[in-house]
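Following the hints, position chains B, C, D, E, F, G and H with the ligands against chain A.
Protein chains in written order, with this note's numbering: chain A, 107 to 187; chain B, 107 to 187; chain C, 419 to 599; chain D, 419 to 599; chain E, 501 to 760; chain F, 501 to 760; chain G, 28 to 399; chain H, 28 to 399.
In case anyone wonders, no lab produced these hints; they're calculated from the structure.
Positions of the beta carbon are idealized from the N, C-alpha and C atoms, including for glycine.
Any given hint might turn out to be false.
Computed from the model, here is a short list of chain F residues facing chain H with C-beta under 8 Å [said to hold, decoys possible]:
hint: 1; residue: 525
hint: 2; residue: 610
hint: 3; residue: 639
hint: 4; residue: 653
hint: 5; residue: 735
hint: 6; residue: 739
Among chain E residues calculated to face chain F with C-beta under 8 Å, some are [unchecked claim]:
hint: 7; residue: 614
hint: 8; residue: 618
hint: 9; residue: 656
hint: 10; residue: 666
hint: 11; residue: 755
hint: 12; residue: 759
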Amino acid sequence: MPVQGRIVVSDLYCKGCELCVAACPQHVLQLSPDRLTAKGYHPAELAGPGCTGCGICAVVCPEAAITVYRQKMPTRKAAEA
Amino acid sequence: MPVQGRIVVSDLYCKGCELCVAACPQHVLQLSPDRLTAKGYHPAELAGPGCTGCGICAVVCPEAAITVYRQKMPTRKAAEA
Amino acid sequence: MQTEIIIAGFGGQGVLFAGQLLSYAAMDAGKEVTWIPSYGPEMRGGTANCTVVISDEEIGSPLVRHPQAVIAMNLPSLDKYEPLVKSGGVLIVNASMVNRQPTRTDIHWVMVPGNEIAEELGDRRMTNMVMLGALLANLPILPLEALIQTLEAHLPARHHRLLPLNVEALKRGAEYLAVKA
Amino acid sequence: MQTEIIIAGFGGQGVLFAGQLLSYAAMDAGKEVTWIPSYGPEMRGGTANCTVVISDEEIGSPLVRHPQAVIAMNLPSLDKYEPLVKSGGVLIVNASMVNRQPTRTDIHWVMVPGNEIAEELGDRRMTNMVMLGALLANLPILPLEALIQTLEAHLPARHHRLLPLNVEALKRGAEYLAVKA
Amino acid sequence: MVMEQILPEEIVYQRPESLVEVSTHYCPGCTHGVAHRLIAEVIDEMGIRDRMIGVASVGCSVFAYNYFDFDWVQAPHGRAPAMATGIKRVLPDRFVVTYQGDGDMASIGMAEVVHAAARGENITVFFINNANYGMTGGQMAPTTLPGQRTTSSPGGRDVETAGYPIRAAELLATLEGASYVVRRSLHDPKNIRLAKKAIRTALEVQAQGMGFSMVELLSICPTNWGMTPVDSLHWLEEHMVPYYPLGDYKVAPMVAQIRI
Amino acid sequence: MVMEQILPEEIVYQRPESLVEVSTHYCPGCTHGVAHRLIAEVIDEMGIRDRMIGVASVGCSVFAYNYFDFDWVQAPHGRAPAMATGIKRVLPDRFVVTYQGDGDMASIGMAEVVHAAARGENITVFFINNANYGMTGGQMAPTTLPGQRTTSSPGGRDVETAGYPIRAAELLATLEGASYVVRRSLHDPKNIRLAKKAIRTALEVQAQGMGFSMVELLSICPTNWGMTPVDSLHWLEEHMVPYYPLGDYKVAPMVAQIRI
Amino acid sequence: MARELLKGNEAIAEAAIRAGLQAYFGYPITPQTELLEWMSKRMPELGRAFVQAESELAAINMVYGAACTGARVMTSSSSPGISLMMEGISYIIGTEVPAVLVDVMRGGPGLGNIAPAQSDYNQIVHGGGHGDYHLIVLAPASVQEAVDLTVLAFDLAEKYRTVAVVLLDGSLGQMMEPAELPPMRPVKTTFPEWAATGMMGKREKRNILTSIYLNPPDEEQTNLRLLRRWQEVEASEIRFKEYFMDDARYVVVGFGSAGRVALSAVRAARAEGIPVGLLRPVTLSPFPYEHIRKLAQRVEGFLVVEMNAGQMLEDVRLAVAGQKPVEFYGRLGGVMPFPDEILSEIQRIASGGLTLEGHPRERWLQRMNGKN
Amino acid sequence: MARELLKGNEAIAEAAIRAGLQAYFGYPITPQTELLEWMSKRMPELGRAFVQAESELAAINMVYGAACTGARVMTSSSSPGISLMMEGISYIIGTEVPAVLVDVMRGGPGLGNIAPAQSDYNQIVHGGGHGDYHLIVLAPASVQEAVDLTVLAFDLAEKYRTVAVVLLDGSLGQMMEPAELPPMRPVKTTFPEWAATGMMGKREKRNILTSIYLNPPDEEQTNLRLLRRWQEVEASEIRFKEYFMDDARYVVVGFGSAGRVALSAVRAARAEGIPVGLLRPVTLSPFPYEHIRKLAQRVEGFLVVEMNAGQMLEDVRLAVAGQKPVEFYGRLGGVMPFPDEILSEIQRIASGGLTLEGHPRERWLQRMNGKN
Ligand SMILES: Cc1ncc(C[n+]2csc(CCOP(=O)(O)OP(=O)(O)O)c2C)c(N)n1
Ligand SMILES: Cc1ncc(C[n+]2csc(CCOP(=O)(O)OP(=O)(O)O)c2C)c(N)n1
Ligand code: SF4
Ligand code: SF4
Ligand code: SF4
Ligand code: SF4
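One chain only, chain A, in its complex shape:
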């Protein structure tokens, strides 16, 4: 089973640019179809399971809007993003 992770996108920062959506290797991100941020953007969110916590979305996010969590793997240390 692959590593499991999840991301939290901050509504304060996200501008719905879709760069994370396009970059996600697992294709599990989407712009929220209904939710709007205070600035009027549809923020990114996890569309379903499958996030491995690889952090690629965070690497491309221009707004530093994403926090990435990953299941702890006691045996090997996760590579830094």
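Chains B, C, D, E, F, G and H with the ligands alone, transformed into the frame defined by chain A:
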């Protein structure tokens, strides 16, 4: 017998910088020990015979003060300076 | 006689164009007119507004503190301009984008569901025309016909296919109120 | 009491330094003094001059049209400044570098063969000192002694070996006239 | 950032501390944001936030000072390297960085950056090359590609009259005073990671007093390019990268020794 | 120039017509004079005097316009390439040349020359590199050699604080718009002849509308170097030539075809 | 020609083109950029020269070069960019070649903002560059006037061989109004006698255009010549507009946008029966000193209105020379006044708020303490 | 300390160093270059920062950067170089950081010449940069005063967080006079609260130094704050020197070198029994308006003497406000007046040559028609 030439140094321009004197391959130039130009310089002049009209003095002269004459050689055309 | 109109909304709602159209029409009608936008980088993704002054004589200030009429295309514009409309003036509110009615009683205000009407017409970009139509129905500075002629005259050729839709939107905006009234 | 002196010659004749020395001496004597040179690229290879004003009170203009005294180190300087010396003033001419005598009769002028005296002393660079000595002998603004002390005080250490020669030159310049007179 | 669940989880990425907790004024998708984030991450990692002084330039990034949590000054258009010089000479032990657009650095500010580099000024220049003037509405920049349409080259940049784009990294690399001059791109995760490494190296160069460093970052301007952010990244990769080859243009021998 | 004797003689060298018959203000031996003469000779040979417009800069050569017998304008310090651009754009069929010192072109005027080159502006820059600011009395220039004493680097140029000399030809050669960028020297007859050829090529480049050309000429400043002219030439050869290698830094393919 | 609805910046650009502009050199800066953008499209279309310069410094020197050929040339910018042109302007004037400059002013100092302001008045009118010089400054208050004055600027610049500046604020640059453009004039095909164009077999003597006069008396003579030419400008080129002045007892003085805002206020005051008129200087340099001096003899006081801290104010005070009280009202940093603010100033003055004591700026500052 | 014979340029440099100068940035230009050269030697000796900048534009921005750290910094230049600094000066003032600038003026406009002039008065005093701003301008007339005012410039610049300019002409820069240098002050080791120095664990909040206020009302408030600070400067910092004023019926007004040449003329006039005095403004900004206004109440007329075409003249006229006649005498383009020229102006005035009509510049120009 080598080609014969001569130079005329204009007192209007010459500033006695000695560059022509140093450059002359025949060592036939000198600064006039006694003559002074209107600006107060000892101008260059031919010190004696031996000028070949090679034009090197004119090539180095910063003041374009030198006119170079050379004996006509009907057979071969003199290289341009 | 001088009339001042502010059209305000989000960038992208076509407020600047609506103001320009009004200005063209005023010019074509032989009036003096000034159109002045808010400008600058803050426009990007932010709010946009323009002030149109229509007059029979040389126009002084292009900006006014208390306009005769306001079209508020969204809530921030309503909040900002409702207090500023000249007493006895007109306030046209895009009901589709606000969650409240004006509260002033000394002005004539109307709620027009601009986006909905435009969407009914099949193109949300027509909201500005709907609102402009509604304005003219409430502020007799220029006949609707004049605006339509102006549109015909000044709309760039490549946009001419949009002409009927624009005309329709203007009319629907104007009618909406007739209907409502 | 104010005295103005212009020292003029070719660049390289030490006219600026002569003026500075005079200024230092005046300062050391507790006087007010200004020294102002001609400056700029035209100096290069051209003429140089400086004006020294010595006074008991705050000095106004650092330049004067009609100086009390002039040292003319060469012919152009003689030509330029002879007409300008204040009536009753002093004109010291470097006889070695000119081919004529002054013609004015309302001033006190003297011819000093500056270069020759300097060459006699073995160093043509001393011409300026010779002329300065001659000036002081004719214009009692400062005793020669004061100048000599100043020279001792302000000449940079690395030039100190030149001190006796400078002193000698000053004296010879002063004496030349005494002899001549 | 509070952990919401008590799970055997770890944070593998979070917003760097050196970024202020405010939303930026940049357009959605603009890679100015990526550049900001990378710089902030490196500063966090090096622990030098307290010693940083940033020099903001004139361009979309004029308000960079609102986003980085350290001291900033704001320079006249193009003059950031001169201001940085002034600061660095007074405070040689601080980290002084400029953040400049291509209009700012490669057009009006060409003399200042060349001379800062020639002097070997111990500062770091972050150079955001987005092939146009963003802030003023998308005019031609010295970096605009041949044929590229902008609001001041409406028919596409005509090299006959407007000349050729300037490759700033190559140009600065000719200067002996420049110690580290590289070009990176922000168009995909791999390149973003390489960009971050370069930013780190540049700041290490400064930390060790090795002189002038400059990191050019190919960047997008979706708003003025009139494309979505995602399309913009593709355009960058397809059109800009070939014209502006990525790579190291000057790595002084001592710099090559830096291990990060 | 009247022939004084009726002898089978010919004139093999005489003062070029494009030079005005006045004595210059240059110091004795200053190679500004050589550069002037070569330019005048080439103009005579090409027969283009009537179509020449010169742009004088600020430096010892500020009065260049007094010595060349054609139209001139005089530019603010460093801005000659911008002025030349203005002229050339209005009169594209004239020959427009700037004549600039190293302080003028490589220091204050860096942005203007870089951008004229980047634009491929069809002008010719004559760049006189004498390793100091002559006119103002011998201060350090961007081209002053490491360790060289000047009136503003009294202890010798300290590369730690004043940085490294700029090699302008190498720098401009990085620009795509530049068609012909070379460095020559004026220190001996051979090099002077090569310099003249380069000047000729540069003007041919302009004649054929091939874009920006620049000829850097290593030159002496005996006055401020504090040496005789002859010694200065030796110093140039020994110290400047190694630092500023002579050669062709950019010869666009079409330029390589020019035969003169 | 029919009236068209034109944006100030674009109207100026097109007016310049129709006035026979041969070359434009500029650099983008808000709120002037549309002018450059218009040029970038139109000039190449017409086969004329357009260069986006690398900086304002380069732009003004390209203008300088092109002006030396006698061609019709211009540049445009806004406040910080104008500051960078000061050396070039001084050179152009010192060389006596004609050029046109447009300054679309914004809030300052420093980077400031891009909102409308009039705070470059001193910089432009009183010499932001070194040396003694004068230049012609035209201050339009409407798009039509911007068009007309742009054309005039070229004619005056050429007539007097100097720099003519069209000085306006950002609001006018961004504003649209109906205006009639002039017909397209043919581009000049000849060049003036004095120009550096290459001798082209037409002249014996070379032309040299320079601003150095190393010998001070020569420079003095040049300065005097320029001053005498300036006297001609002062004698012939002063322009202003007046409104409600016949019976005015108070005069509002304002230029450009401030002047037109004042017009609204003056109308409102008239509606209240206050006998106030408006003087709107159209040439800020030469300035209508003499006219104001004479006005001062018959009116009771002045109110100067500007979008700055009182720069033209000092010129009005110079002209009034203590004869009558002068008051000031200004808004700063990109804020445009509304007519009602000026109206209340007029009311204050008409109801006795005039004094010859102190400085009007001090009093205004006092009154501003409450604002915002 | 003992008096030394010092050249103006070098005396200013050394005075700045002794005032605790931490960094100097400059570019060579005659007649200021000795100042830079002095710095190039002394600053490195003392372990302080010296950079020969690539241009005046770079120099002023290096100063700007260094000033943002709160350090004592300066640059110096001469007229054309000063023109290139206008944008930077406007930014520095807009950012409210202290800096000192020395302008050793030469003849202009354009490249002009290197001879002494005072024709940057307007550029420096009345804002050659964009936006509303004021800066402090100190005009020495002797080497000693140059020394003293240089030190003062640093103190005032810091006190009011603004730019202080020492404005002199080339003759003063080149002149040698005895002067006493101040003792060496220790270099500051602390930095002000507001400075951008890195937080260094000492501050919680970052410092941002900027001159943008995108929102016009914010910019207006900034402008108003600067104006209020300027009022403080006006209240406390006006300086001038007077000579023979007790019983003066005529007043000559001149600053810097023109002022001291006028002193000679005034002395000569006094020797002839003409009751004339001299007012020499030492601060040109703030200007002694109020003092002159009061003087105008008791004297019969003014003669303004400048080495320009009448720039300070307008400030004197503003102050006099038509109360009394003002006459003008100027020399231009690098020409220094001799005392006898001014004396004959004084004689002319004392023998009835005063009028309230017309503009003094016009009359002077008339009289100049004969000259040279
Ligand atoms: C002296 C000056 N000239 C022009 C401007 C206007 N201006 C502001 S931002 C900008 C261009 C910015 O472009 P770039 O540096 O490429 O940065 P980007 O906005 O693309 O990030 C210009 C020309 C200015 N503020 N100051
Ligand atoms: C804006 C400006 N800054 C400075 C100067 C002073 N200046 C005149 S010539 C010169 C340097 C010239 O040096 P360079 O270009 O090397 O020419 P050179 O005299 O050596 O031939 C300087 C700095 C000036 N005239 N204008
Ligand atoms: S990349 Fe960042 S800003 Fe863009 S959509 Fe994803 S989370 Fe939002
Ligand atoms: S090189 Fe020319 S100037 Fe020099 S000495 Fe010879 S002739 Fe005279
Ligand atoms: S305009 Fe372009 S560079 Fe500026 S923030 Fe928007 S996308 Fe980024
Ligand atoms: S100072 Fe130097 S560069 Fe200038 S003319 Fe003299 S030798 Fe030539």
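Status of each hint after checking the structure:
1. Violation of the interface hint for residue 525(F) is found here, the shortest Cβ-Cβ separation to chain H being roughly 14 Å, above the 8 Å cut-off.
2. The beta carbon of residue 610(F) comes within 7 Å of a beta carbon in chain H, closer than 8 Å, and the hint placing it at the interface holds.
3. Residue-level restraint check for residue 639(F) holds (minimum Cβ-Cβ distance to chain H is 4 Å; threshold 8 Å).
4. Here the hint on residue 653(F) is kept, as its CB sits about 7 Å from the closest CB of chain H, short of 8 Å.
5. Interface hint at residue 735(F): violated, since its Cβ lies 22 Å from the closest Cβ of chain H, which is beyond the 8 Å cut-off.
6. For residue 739(F), the suggested interface contact is broken, since its CB lies about 20 Å from the closest CB of chain H, more than 8 Å.
7. For the restraint placing residue 614(E) at the interface with chain F, the shortest Cβ-Cβ distance is roughly 5 Å, inside the 8 Å limit, so the hint holds.
8. A cut of 8 Å between beta carbons decides the hint on residue 618(E): the least distance to chain F is about 5 Å, and the hint holds.
9. The beta carbon of residue 656(E) is not positioned within 8 Å of any beta carbon in chain F (closest approach about 16 Å), and the interface hint is therefore violated.
10. The beta carbon of residue 666(E) comes within 5 Å of a beta carbon in chain F, closer than 8 Å, and the hint placing it at the interface holds.
11. For residue 755(E), the shortest C-beta to C-beta distance to chain F is roughly 15 Å, which exceeds 8 Å, and the interface hint is violated.
12. Annotation: residue 759(E) was flagged as interfacial toward chain F, and the flag is violated, the nearest CB pair being 25 Å apart, outside 8 Å.
Violation of the numbered hints given earlier is confined to hints 1, 5, 6, 9, 11 and 12; the remaining hints are satisfied by the structure.
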